[in-house]
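Position chain G against the provided structure of chain V, taking the given hints into account.
The lines below spell out each chain.
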Amino acid sequence: MKRFLINLVVFVSLVLVSCALFMGFANGSADAFYSKFTSSKQSSLIIGSSRASQDVRPKIISDVLDGKPIYNYAFTILHSPYGKAYYTSIIKKVDTTKTDGIFILCVNPWTISTLKKHIHDTTFFRENNSFVDNTNWVNLKPNAEYIIESYEQRNIQLLLNRYRKGSFETINVSKDGWLQVTIEENDFNRKKRTQLKMQTYHEHLNNYAGFSNVRWRYLKKTIDYLKQYGQVFTVRLPVNDEMILIEKQLVENFDERMEVLSKEFEINYLNFTPMRSNFNYVDGHHLDNVSSAIFSEILTKEIKRLQL
Amino acid sequence: MLFNSIDFAVFLPIVFLLYWFVTQKQLKLQNSLIVIASYVFYGWWDYRFLALIVFSTLVDYFVGRQLEKTTIKKQRFYLLLLSVIVNLGLLGFFKYFNFFVDNFVKAFSFFGYNIPSNSLNIILPVGISFYTFQTLSYTIDVYKKKLEPTKDIIAFAAFVAFFPQLVAGPIERATNLLPQFFSKRQFSYQNAVDGLRQILWGLFKKIVIADNCAYFVNIIFDNHTDYSGSTLLVGAVFFAFQIYGDFSGYSDIAIGVSRLFGFDLKQNFAFPYFSRDIAEFWRRWHISLSTWFRDYLYIPLGGSRGSKYKQLRNVFIIFIVSGFWHGANWTFMIWGFLNALYFLPLLLLKRNRIHTNVVAEHSALPSVKELLAMLMTFLITVLAWVFFRAENVGHALDYLMRMSNLSLFSLPEIRPTFLFVLLILFILVEWAGRRQLYAIEKLWLKYPRLLRLSVYYIIAIIIFLYGGKEQEFIYFQF
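Listed in order, the protein sequences are those of chains V and G. If you count the first sequence from 1, position 243 lands on 404 in my numbering, and the numbers rise without skipping. If you count the second sequence from 1, position 22 lands on 24 in my numbering, and the numbers rise without skipping.
Note that these hints are calculated values from the structure, not bench results. In this text the structure is predicted, and so the values were computed from the model without any measurement. The C-beta atom is built at its ideal place from N, Cα and C for all residues, glycine as well. Be a bit skeptical, because a hint or two may be false.
Computed Cβ-Cβ distance ranges for the label pairs, DEER-style [to be verified]:
# : chain 1 : residue 1 : chain 2 : residue 2 : range
1 : V       : TRP298    : G       : ILE463    : 22 to 32 Å
2 : G       : PHE101    : V       : GLN360    : 32 to 42 Å
3 : V       : GLN314    : G       : ALA109    : 40 to 50 Å
Chain V on its own, in the form it takes in the complex:
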């Protein structure tokens, strides 16, 4: 038995060490989320769904704010609408030793809505059991927990994705958490993509029940929690006209609700949808890389103005 156990332990250790070393290859090219669980705790965060993940660029914000670092901890509408899972994850990510942070909470009707099938359920939402819910260690590098439990691709992709070339649709998460999506850009593709995306969101309307009290409560809890560690801004990101109409059907008085909420918590609500025609979108509701840079600068200037 002794011989068996020693041999087994040696063999398993060798395999585990090799796997751990291999995990070290993983970086922002692994997928759209992995990197966000590998950075240290952050004193300033960008929160929200995929729009926030792609549209709000920490480096530009940081440059305008005289080098103050901010981290993009936004995921997608499937994984990070406001709710218990995301709230818990945010708490783990915040550096509670500092109180001068900036927290940009991107909001839109989808982030506070629920599916019809979950409308009477106060505990279950579709992000439950997703990686946002399941990843307990959000500051680990390499993050074995995420890779083993949640990484959707074959592990060999951790390495191969680093050398991906020639593909027109690639993703990369920067060190500051910004999700850069490189997508084939021409008018035809853009139009087709937008058409498909809008069609999908029109279909989503049939499955969504609209405003959720539970999600709204968690948005409030998130604001309340983050206010302890800095200044909170709620931001509605620009989207195209059609998406505005869809979102109006989902939660009719969204902006009014946000205004009331902002007053209640004495924070600012920055609604950028009125200037939506100034930007270009890859699919109707995500800004392209040029527009995201312009938008991030506008947003930061506005924040800076409000800070004064």
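Coordinates of chain G only, in the frame set by chain V:
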């Protein structure tokens, strides 16, 4: 709890250490540990359904005890009937209730009578098809006086719920497994190492072969109208490897884990894709289920005795029932029916037992005739698997129709090179080890230890590299 999960990676060493270091002096204690560990293993998935296992265990234990006490034929028959009704009743309710209700409603609406559907939202308890068959075999064997009923309820509970094979088999016979709970298990270095080797190979089959095939199978089957015939063929072939890797991989892990605890389970897969005809395939595929049906259904029906009509009837019954055992869907029954059809000519020509040995037993390569026979058998199996994988009969028929046109000879749109390479390597290793209980049982034993360990290390690393998020085993749903 899945074998390919972190939970199990923690659970197994804990149970192993408790088993050999804490409870090894008392057999009863060791058996009790197995019962507790098995219930934890099962309860990890859904503790509510533990009650079903406990109920099934108590009923069959009681029936066994009563069968021992009476010699009156009628009483014995009623006791057997009680066990059959309870076990098949549970299975029938949880697995087939909605199927019968839905089909009943459809049949009535076909004749113009619209009646409301009262199907229930029933969760299928994992492994119910496996452990009910295992306990049934005990009662039937006791009834037939092939087996002495046990007085030891702990040993019996351990036999019913033995965690390595509880949720997806192999379906063990009481005559093989139950006596092993009565004798003291000795730790054997060779057996334990052999068990680990089989676990390693099982994980390779599941994580590398099955899960990687599954990725493409899902894409192709879910969007079959978008693809050419050649791609659909690739999808069907991948599914053949997926189901083999998934299920035989699970069996290998189950058998390997059992060996770590000093138990010996029966071989469940014997390289079925190297079969030269469908009869040989069914002697090599899911052996524990095939022999269960053979012993408890086919032979009692008359087996291959009697008129040709009766023989054919028995063959169709056993294959269709076997299909139905897999799931409450017409697709499974058609899959069973197709296999019965394949079997038919062999039975009529009395050629169903000509291939009872291992193919190319004394040579490294098969003859051309053997190769063609294997390819032909594999091809007809693949066609039947389409029904097994499809959502419904219409889906399967449409899939096969679209596969059978000129685009079958075009270049497939989906051709993952890495998977083709992996499958070729896999087939070569399986071929090289086809005379063993599992492919790598003795494959590299003649090499120096360091080289052998290096090979196992490489297999382990490939499992990690080509693995991803844990995927459930297909046979859990049966």
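Of all the hints given earlier, name the ones this structure violates by number, lowest first. Per hint list: zero violations.
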